[in-house]
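Student: What follows is the residue order along each chain.
Protein chains: 2
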Amino acid sequence: MVDAAALDHNLAAMAAALPGPRMRPHVKAHKCSALARRQADAGHRTFTAATIRECEVLAANGLDDDILLANEVLDTTRLRGLHVTVAVDSEATIDAAAANVERVLIDVNVGLPRCGCAPEDAGRLADYARGKGLEVRGVMGYEGHVVGLDDRAERERQTAECMERLLAAHKDVGGDVVSAGGTGTYDINTWANEIQAGSYALMDTAYGHLDLPFRQALYVVGTVISVNQQGWAVADCGLKAFGMDHGNPAIVEPAGATVWFLSDEHITFSAEPLPRIGDRVKVVPAHVDPTVAYHEAMHVVGADGAVVETWPIDMRGW
Amino acid sequence: MVDAAALDHNLAAMAAALPGPRMRPHVKAHKCSALARRQADAGHRTFTAATIRECEVLAANGLDDDILLANEVLDTTRLRGLHVTVAVDSEATIDAAAANVERVLIDVNVGLPRCGCAPEDAGRLADYARGKGLEVRGVMGYEGHVVGLDDRAERERQTAECMERLLAAHKDVGGDVVSAGGTGTYDINTWANEIQAGSYALMDTAYGHLDLPFRQALYVVGTVISVNQQGWAVADCGLKAFGMDHGNPAIVEPAGATVWFLSDEHITFSAEPLPRIGDRVKVVPAHVDPTVAYHEAMHVVGADGAVVETWPIDMRGW
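Here the protein sequences line up with chains S and E, keeping their order.
For the first sequence, the working numbering assigns the number 1130 to the initial residue and increments by one for each residue that follows.
For the second sequence, the working numbering assigns the number 1130 to the initial residue and increments by one for each residue that follows.
Hints listed in this document are in silico derivations from the structure and should not be mistaken for laboratory results.
As the structure is a computational prediction, the values presented were derived from the model and not from experiment.
Be aware that a few hints might be false.
Any copy, or any two copies together, can satisfy a pair, since identical chains are not distinguished.
Claimed, not checked - Below, in silico cross-link-like pairs of lysine to any residue (SDA-like), each with a Cα-Cα straight-line distance of 25 Å or less:
(1) 1261 x 1303
(2) 1261 x 1408
(3) 1300 x 1247
(4) 1261 x 1297
(5) 1411 x 1241
(6) 1411 x 1221
(7) 1411 x 1266
(8) 1411 x 1447
(9) 1411 x 1150
(10) 1261 x 1300
(11) 1300 x 1344
(12) 1411 x 1242
(13) 1300 x 1399
(14) 1261 x 1340
(15) 1300 x 1359
(16) 1411 x 1344
Put together the whole structure using the sequences plus the hints.
Tutor: Structure representation (structure tokens):
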């Protein structure tokens, strides 16, 4: 369930802070072309994707002015003919890109132990890519180990360190694009000229406890199916309804509920008073991205509680 | 990817230990009607399901001789006309069952804080159900807090305690069925006359470290997309490919790899020597049920490594 007012607020707040192409929404956080269209309506016509299927679905919906596949891929066959710029961080991924696409960014490791070349190797890879006939649009580097830090001063300090590495690489690479950032650093990362935020649209408890102006917009709605007078109740949404890597989701309705644990199709919780069988619970995921990937659709709900639209989560899978 | 030989071994081992209706395979662990058919071919024509959709897909594939929906539901509309027995643990769930189905089991709480009535209340609920015109086939009670205990003696002791509660309830309820158990207690739980095991077919690391005769049959296969000479590599399967509630999955190929962490579409790991870009990794999920729920299909692989069949994971969603 998506709270229409909260989503509208989030989209407007981001568009005000980072208008147009200053913001390159990351669709991996919602996997929903209808929501991507709302982001485009808010002025952001450039998108970030994590998978080839996300690129394909954006393109099938006319949202392919400028897609960045911010991930390395070794088989680019399905990208042929799409307006996609691909992240590369090795000769092998450049060779794969050269086979089917025209434009790349050099992905630079800025501190998170994941993809990205060493900053000092970026210029060499850019030359190699240009030698393969590719347009090198610039650099990207994701400070993923920083975006979730509680303390804003620490987030600022570490973002600066990361972006120093990225700008050093950019000096060697050239091109117009310096792409980085996420929801947790959208207003901190002023070194990048475009921000790859995704979670801000729907939000989750991981980002919800930071000092951000975005509201919780996504809930999983469950139904209480069992109540035990020893002091717990069970609703019908479990491990197959929530990404669990950030821990348990949080029940916000009924207020004051405490989540005990989840099973495949159950969430066991206590609340004072105990709910009744048939009551609804509203549950906020700890991590929105792997949560939406379990669901087939989002139901957008207006102020009166009625469903106004249903949006397929059409970018699932690979 | 499903290792055909390991799957065959697991199905045969279970069919030998618990032939025919002594075993009621739980489809929530694989969500795949083609695999359920293999279980039926091994002699088990009764099935356990956790969701209404699982019941519907079993029925649509002719696997509905006797389905047990081992979960409470408040809207049984979609079950009308199916050969489904429904778990009930309250007057509300009995009323819901009476509207559309003919047969129920009384779900008894045997110690896990989840669904199930108090053992001493089971007889009253059975009477209530019979008063509503329902056939009460017996009882079920899942010792879910026991099935994963490392120490077999402790598993035996606690299973006995749980089943004492279930048999007390059964005395008051009547009926032929005493349904309980899981993969971790399939050969321990001799009180129940049918066992609801699911994980044994494909297995995962959580069950893999117990003293069970079942082999790992399910793997997620990823491709190394980035290698960092500082000492790590990244493959392209992440949080959206694995149920994470039991922690990180384990890489078994390359042997000796250590998983560092997962991101939405990445698994970062170290290995000695480091793999090369393009190498495949074989990854074993920590928990199979929420892992299969992320995927669209299983590819069954024979001894020569070739895919011999592709099975849709057709029971996903609700």
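Student: Work down the list of hints and note, for each, if the structure agrees.
Tutor: Hints, verified against the model:
1. 1261 x 1303: The answer is within: 16 Å in one copy meets 25 Å, while 76 Å across copies does not.
2. 1261 x 1408: between (61 Å within a copy, 23 Å between copies)
3. 1300 x 1247: Answer is within: at 14 Å inside a copy they meet the 25 Å cutoff, but 70 Å across does not.
4. 1261 x 1297: Within one copy only: 23 Å inside, 75 Å across.
5. 1411 x 1241: Between copies, since 23 Å is at most 25 Å while 34 Å is not.
6. 1411 x 1221: Intra 46 Å, inter 21 Å, cutoff 25 Å: inter-copy only.
7. 1411 x 1266: Classified as neither; 44 Å inside a copy, 35 Å across copies.
8. 1411 x 1447: Answer is between: at 17 Å across copies they meet the 25 Å cutoff, but 29 Å inside does not.
9. 1411 x 1150: Neither: 34 Å inside a chain and 39 Å across chains, both beyond 25 Å.
10. 1261 x 1300: within (20 Å within a copy, 78 Å between copies)
11. 1300 x 1344: Neither: 37 Å inside a chain and 53 Å across chains, both beyond 25 Å.
12. 1411 x 1242: between (35 Å within a copy, 20 Å between copies)
13. 1300 x 1399: Answer is neither: 56 Å inside a copy and 31 Å across each miss the 25 Å cutoff.
14. 1261 x 1340: Cα proximity of residue 1261 and residue 1340: none, with 45 Å in one copy and 55 Å across.
15. 1300 x 1359: Result: close only across copies, 23 Å inter versus 65 Å intra.
16. 1411 x 1344: within (15 Å within a copy, 39 Å between copies)
Hint compliance for this structure: hints 7, 9, 11, 13 and 14 are broken, all remaining hints hold.
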